[in-house]
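Visitor: These are the residues of each chain, in order.
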Amino acid sequence: MKILVCISHVPDTTSKIKFSDNALDTNGMSFVIGPYDDYALARAVELKESHKATVTAINVGKSDTEPTIRKALAIGADDAIRVDAEPIDAFFVATQIAEIAKSENYDLILMGREASDYNGGQVHGMVAEMLDMQAIVPCMTLDIDGNTATMTREIEGGKEIITCDLPFVAGCQEPIAEWKIPNMRGIMMARKKPLKVVEAVQPEVLIETKSYELPPARSNCKMFTSDDMASLVRALKEEAKVI
Amino acid sequence: METIERNREALKGGEFLIRESEASDIFTPEEFSEEQRMMADSSRTFVDREVHPHADRMDALEEGFMESLLDKAGELGMLGVSVPEEYGGLGMNFNTSMLLADVIGAGGSFCTAFGAQTGIGTLPILYYGTEEQKQKYLPKLATGEYKASYCLTEPDAGSDANSGKTKAVLSADGKTYHITGQKMWITNAGFADIFIVFARIEDDKNLTAFIVEKGFGNITMNEEEKKMGIKGSSTRQVFFNETPVPVENMLAGRGEGFKIAVNILNIGRLKLGAGVIGGCKYVISQAAQYANERKQFGQSIGNFGAIKYKLAQMSARTYAIESACYRAGEDVDNKVKDLKAKGMEDAEAKLKGIEQFAIEAAILKVHGSEVLDYVVDEGVQIYGGMGFSADAPMERAYRDARISRIYEGTNEINRMLLVGMLLRRSIKGELDIFEHAKAVGEELMGVPSFETPDDSEFFAKEKAVLKNMKKAVLMTLGKAALTFKENINDEQEILMAIADMIIETYVAESTILRTEKLVGVRGEEACRGQIEMSRLYLNYAVEILATKGREAISSFATSDEMRVMLMGLKRFTKIDPINMRDTRREIANITLAKSEYAFDI
Ligand SMILES: Cc1cc2nc3c(=O)[nH]c(=O)nc-3n(C[C@H](O)[C@H](O)[C@H](O)COP(=O)(O)OP(=O)(O)OC[C@H]3O[C@@H](n4cnc5c(N)ncnc54)[C@H](O)[C@@H]3O)c2cc1C
Chain A
46 MKILVCISHV
56 PDTTSKIKFS
66 DNALDTNGMS
76 FVIGPYDDYA
86 LARAVELKES
96 HKATVTAINV
106 GKSDTEPTIR
116 KALAIGADDA
126 IRVDAEPIDA
136 FFVATQIAEI
146 AKSENYDLIL
156 MGREASDYNG
166 GQVHGMVAEM
176 LDMQAIVPCM
186 TLDIDGNTAT
196 MTREIEGGKE
206 IITCDLPFVA
216 GCQEPIAEWK
226 IPNMRGIMMA
236 RKKPLKVVEA
246 VQPEVLIETK
256 SYELPPARSN
266 CKMFTSDDMA
276 SLVRALKEEA
286 KVI
Chain B
12 METIERNREA
22 LKGGEFLIRE
32 SEASDIFTPE
42 EFSEEQRMMA
52 DSSRTFVDRE
62 VHPHADRMDA
72 LEEGFMESLL
82 DKAGELGMLG
92 VSVPEEYGGL
102 GMNFNTSMLL
112 ADVIGAGGSF
122 CTAFGAQTGI
132 GTLPILYYGT
142 EEQKQKYLPK
152 LATGEYKASY
162 CLTEPDAGSD
172 ANSGKTKAVL
182 SADGKTYHIT
192 GQKMWITNAG
202 FADIFIVFAR
212 IEDDKNLTAF
222 IVEKGFGNIT
232 MNEEEKKMGI
242 KGSSTRQVFF
252 NETPVPVENM
262 LAGRGEGFKI
272 AVNILNIGRL
282 KLGAGVIGGC
292 KYVISQAAQY
302 ANERKQFGQS
312 IGNFGAIKYK
322 LAQMSARTYA
332 IESACYRAGE
342 DVDNKVKDLK
352 AKGMEDAEAK
362 LKGIEQFAIE
372 AAILKVHGSE
382 VLDYVVDEGV
392 QIYGGMGFSA
402 DAPMERAYRD
412 ARISRIYEGT
422 NEINRMLLVG
432 MLLRRSIKGE
442 LDIFEHAKAV
452 GEELMGVPSF
462 ETPDDSEFFA
472 KEKAVLKNMK
482 KAVLMTLGKA
492 ALTFKENIND
502 EQEILMAIAD
512 MIIETYVAES
522 TILRTEKLVG
532 VRGEEACRGQ
542 IEMSRLYLNY
552 AVEILATKGR
562 EAISSFATSD
572 EMRVMLMGLK
582 RFTKIDPINM
592 RDTRREIANI
602 TLAKSEYAFD
612 I
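Residue numbers (my numbering), protein chains in the order written: chain A, 46 to 288; chain B, 12 to 612.
Calculated from the structure, these hints are not laboratory results. Don't take each hint at face value.
Unchecked claim - Some but not every residue of chain B turned toward chain A, in silico, with C-beta under 8 Å:
1) E46
2) T56
3) F57
4) G88
5) M89
6) I438
Unchecked claim - Computed list of lysine-lysine pairs in DSS-like fashion (alpha-carbon distance at most 30 Å, straight line):
7) A/K255 <-> B/K23
8) A/K282 <-> B/K306
9) B/K83 <-> A/K237
10) A/K237 <-> B/K605
11) A/K97 <-> A/K147
12) B/K83 <-> A/K97
13) A/K63 <-> B/K581
14) A/K238 <-> A/K93
15) B/K472 <-> B/K23
16) B/K23 <-> B/K605
17) B/K176 <-> B/K225
18) B/K581 <-> B/K605
19) A/K225 <-> B/K23
Positions of the beta carbon are idealized from the N, C-alpha and C atoms, including for glycine.
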């Protein structure tokens, strides 16, 4: 079984987001594997052991993403591919992944439900469409028996159990697996595992980013006592201007 | 960060006092490789996920909990970092094990259990074991299948470790030693499979070390000690009652136990120095966050200068000990490499490398444990009443920190040791401290130089101050040695004061050189905080030299000598004032803006 896991390279979730020159200011920021992708990777590594699968990690990014890719190798991916390009938008990234997947016949293409930078949650659907496969999102458990996968996902008021034949694309989230901590030996081996850099294909760019801005700072909380409704109403009218 | 190749002969242990170092001579933690950082990250994640959330269970000594933590650490390979690959470990260099000790240092009781397992529990076998002993024990120690402890201390033999009464008696057939005695304060005792035991054969002058398996039998234990801190680490008295130990389980030769104990302690001291860094950073991060969130008088307490003062001082002192630790760690690695290149076998080269830096090991142990105590103390203070509450993290950190000044040789013992070693090496001709001290004496009699340092060079003034600090130390140490000769060991007050002067000189120099190196790579703008911390630290260190120097000199110099020496001290501890308030505010503001320790590598 061949599994492709798509890894996004995102700011650590505790980072303070700043912009400079109309771009994310990455100064002093540390980057991690997208947390949802990390779940997907963890499940893939488990399947590697239980189902004798091989796991390939793929990332669309410039060379600064390689430490993140090597972390995926340290966690247990067998090899990795970096498509050498800025990940402009979901369509661009999906095109790259589909391009690679076309010739490789993966049985499973796993990724996070969404990346924690733009939280777009579109790549899985697009990749599936481009490869003419099913996309299952969110995929919260995943078991494979022969050529069929059983998955569950939470839906309004209950749980849905799905089966789907391989191959397909899944956008994963917890509790599909527990995040894996790269072990020391894995870290040492990561250096020796193949990391192939490939050129990007150039699809039409559909989206252009005009500018970024931070959400307005949350203003302070104001307390009113219960016997002072008049002040509350006045504040809602005059300061917050919501009534 | 790019590693800059060193181009000069490496420093010997203790030589920093008489030789100038350049920034390119020292290793800075910013130079750790991606791989080493990833190992540190994994260990940090381990502490954040497996240790911190369960600190209460750990500290309640929940049955099996600490063992399970060690097992998990073993699965991740954290226990075998220093063990060579042929024995199932990773064979990483010494500084990598320092980095891991640093990160795991944030883990409270776990850090002690981890240190006993990977340090004093494993290393005696690694460094002194026979091939069979290594094959038999190391792979299982590296995975955590075997848990280890180290039994040196006894009720009547603490600091005076070589005075233990535990006996090892050889059987008539010459095949078995029977060990009998009482050991005290034994970390990991509650679940250990392996005990490194120090015992005396007949009336030998020195102890002998043995590898004792729990399964050998006749081993009993007292209840867990009720401790002030690191409550989650198992500490018990262990009784050996004619425990049979096959002769092949003796470590190294008869009578070599004390040497083993001393050398293993040197490693423990270096690691303890590194081990405080993680704890300090954790406390600073918590304190910074609290200072941002807690409001009094209508504003965050972090706005108050008194709180900023603390945060700045906590960060600067942490940054300083970190600079010194990794400098020393790399010095050890380089020495080991040199010795191996000259044909020395791996284990022996490692031992010799560490022995070479025994002075630095004592410096890091003392300084590190005292920085940690300072940081947790101010951490409690920043939390105010909540600092005193067992529901907030400071209370535990405060209690857990205290042990560091006691074990691995008390700070008193280490202070005296480090001065003693310097003097001994000088007498043996390995370091020419006395020659240099004489030169300082002559300089004092001459006209003071009015040369001003070349301001265009980065940190030129600071480096001139460092040079003078060394002179202050040499003057005081040299004169004390001349005055007391072989009786100097009886002058503990003076030794302690000189030890502090030496410690601060090493740490301040390491800090300045680290920042200089960093600025060379990242530029001044990106290193504003580090520059301010280095200046602040230097000022602080010089103050200590002035105070301790006065203390020492006034304790022994005759009145004429005293006048000259105190004048010299004044000259050698002269430093241009910096605006301390603004410096500290800047450091604190950087920390508060990040809401965590802001100068991580
Ligand atoms: C939690 C914990 C875990 C430990 N783990 C281990 C372990 O795993 N294995 C092990 O073998 N030991 C262990 N120890 C023992 C530890 O190393 C000793 O407690 C330490 O060496 C000090 O010995 P002591 O307690 O007998 O104090 P003492 O030696 O009695 O010292 C008491 C005081 O006198 C001072 N003093 C002693 N001698 C001198 C001197 N010559 N000059 C000036 N001052 C002096 C000391 O500095 C100290 O302030 C542990 C201790 C604790 C508390």
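Visitor: Next, verify each hint and record whether it holds.
Guide: Status of each hint after checking the structure:
Interface hint at B/E46: satisfied, since its Cβ lies 6 Å from the closest Cβ of chain A, which is below the 8 Å cut-off. A cut of 8 Å between beta carbons decides the hint on B/T56: the least distance to chain A is about 5 Å, and the hint holds. This hint holds: B/F57 has a C-beta 6 Å from the nearest C-beta of chain A, less than the 8 Å allowed. With a cut of 8 Å, the hint placing B/G88 at the interface with chain A holds, because the nearest CB-to-CB distance is about 3 Å.
Among the interface hints, the one on B/M89 holds; its C-beta lies about 6 Å from the nearest C-beta in chain A, closer than the 8 Å criterion. Look at B/I438: its Cβ only gets to about 43 Å from chain A, farther than 8 Å, so that hint breaks. Between the alpha carbons of A/K255 and B/K23 the distance comes to roughly 59 Å, so the proposed pair goes past 30 Å and is violated. Of the pairs offered as hints, the one joining A/K282 and B/K306 holds, with about 28 Å between alpha carbons and a cut-off of 30 Å not exceeded.
Distance restraint check for B/K83 and A/K237: the Cα-Cα separation of roughly 25 Å lies within the 30 Å cut-off, and the hinted pair is therefore satisfied. For a cut-off of 30 Å, the pair hint linking A/K237 to B/K605 is broken: about 36 Å separates their Cα positions. Taking the CA atoms of A/K97 and A/K147, the gap is about 22 Å. The hint holds against a cut of 30 Å. The straight-line distance between the Cα atoms of B/K83 and A/K97 is roughly 24 Å, inside the 30 Å bound, and the hint therefore holds.
Of the supplied pair hints, the one linking A/K63 and B/K581 is violated, its CA atoms being roughly 48 Å apart against a limit of 30 Å. A threshold of 30 Å between alpha carbons decides the hint, and for A/K238 with A/K93 the separation of about 16 Å falls inside it, so the pair holds. A hinted pair counts as satisfied when its Cα atoms are at most 30 Å apart, and B/K472 with B/K23 qualifies at roughly 26 Å. About 39 Å separates the Cα atoms of B/K23 and B/K605, which puts this hinted pair outside 30 Å; it is violated.
Distance check on the hinted pair: B/K176 and B/K225 sit about 21 Å apart at the alpha-carbon level, within 30 Å; holds. Restraint check for B/K581 and B/K605: the C-alpha separation of about 39 Å exceeds 30 Å, so the hint is violated. Pair hint A/K225 plus B/K23 does not hold up; C-alpha atoms about 42 Å apart against a cutoff of 30 Å.
The structure shown violates the earlier hints numbered 6, 7, 10, 13, 16, 18, 19.
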